[in-house]
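Residue numbers (the working numbering): 53 to 262.
Treat the hints as calculated values from the structure; they're not laboratory data.
Fair warning: this is a prediction, and the values are worked out from it, not measured in the lab.
We put the CB at the ideal spot given by N, CA and C, even for glycine.
Any given hint could turn out to be false.
Unchecked claim - Heads up, simulated SDA-like pairs for lysine to any residue below, C-alpha to C-alpha not over 20 Å straight-line: (1) 243 to 74; (2) 216 to 77; (3) 243 to 216; (4) 243 to 198; (5) 74 to 215; (6) 234 to 195; (7) 243 to 173; (8) 243 to 202; (9) 243 to 151; (10) 74 to 173; (11) 184 to 216; (12) 212 to 254; (13) 184 to 254; (14) 236 to 187; (15) 212 to 167.
To be verified - Label-pair ranges, simulated between beta-carbon atoms: (16) 232 to 86: 19 to 27 Å; (17) 145 to 165: 46 to 54 Å; (18) 83 to 140: 24 to 32 Å; (19) 100 to 158: 50 to 58 Å; (20) 145 to 234: 17 to 25 Å.
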Amino acid sequence: MKRIIVICIATLSCLSMSAQQKGDMYIAASASASFGVQGTKTFDGVSTEGMRRPTATSASASAEFGFFVVNHLRLALGIGVPYLSSPIGETYHRNRTVAFLVNPNVAYYIRLADGLYYTPEIGFAYQVGAYKEELSAQTSYNANYGSWQVYLNYLALEYKINRKFALGVGIGAVSYGAAHVKDKASAAYVKNEMLNVNLNTASVHVRFYL
């Protein structure tokens with residue numbers, strides 16, 4: 053009987069050591085990219101015509117530092133450099149945005165199994181950068197770009213591989229925010245407000261605990 057009690061205590065001790073405790077810290081890095089080509093064919097009853105053009109291209113690199121202020125609750129600050137390029141209409145001209153991202157966020161860790169946690173995250177993302185629109189092969193329009201977004205990652209998981217490394221996965225998010233493009237020489241601007249509910253997006257993060 054005493055032996056069984058000792059084994060149970062040892063097991064519980066190991067589980068508590070693997071959980072995220074007050075004072076734990078980590079650094080994380082992530083990168084993403086997407087690109088492609090779209091093909092269109094039309095048939096007028098006599099002949100077929102085809103056209104191919106690139107689709108939107110995006111890339112992002114970011115880093116994050118996180119700190120557990122109490123057991124299972126962490127605060128984090130992420131920084132990154134997102135890039136987006138989109139075709140303009142049916143032409144090969146594109147608009148391009150390069151920005152600097154600041155992303156404070158908070159998450160709560162709920163243990164599902166040994167090493168596996170459900171980690172819903174609430175955060176705020178702010179971007180500032182430059183916007184460039186190709187008007188022709190020789191000319192372009194340049195403006196200032198900025199955006200903000202409040203989001204909830206409601207399907208987020210983290211698996212702690214060992215005491216130092218963990219793998220985080222996010223699937224789906226709800227967000228609300230706004231983005232604007234402001235003319236450099238005047239007060240003119242274009243602003244869009246967006247409410248997004250994403251069910252088919254995914255992200256992966258590698259975290260190193262200090």
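(request) Please write out, lowest number first, the hints stated earlier that are contradicted by the structure. (result) 1, 3, 7, 11 and 13
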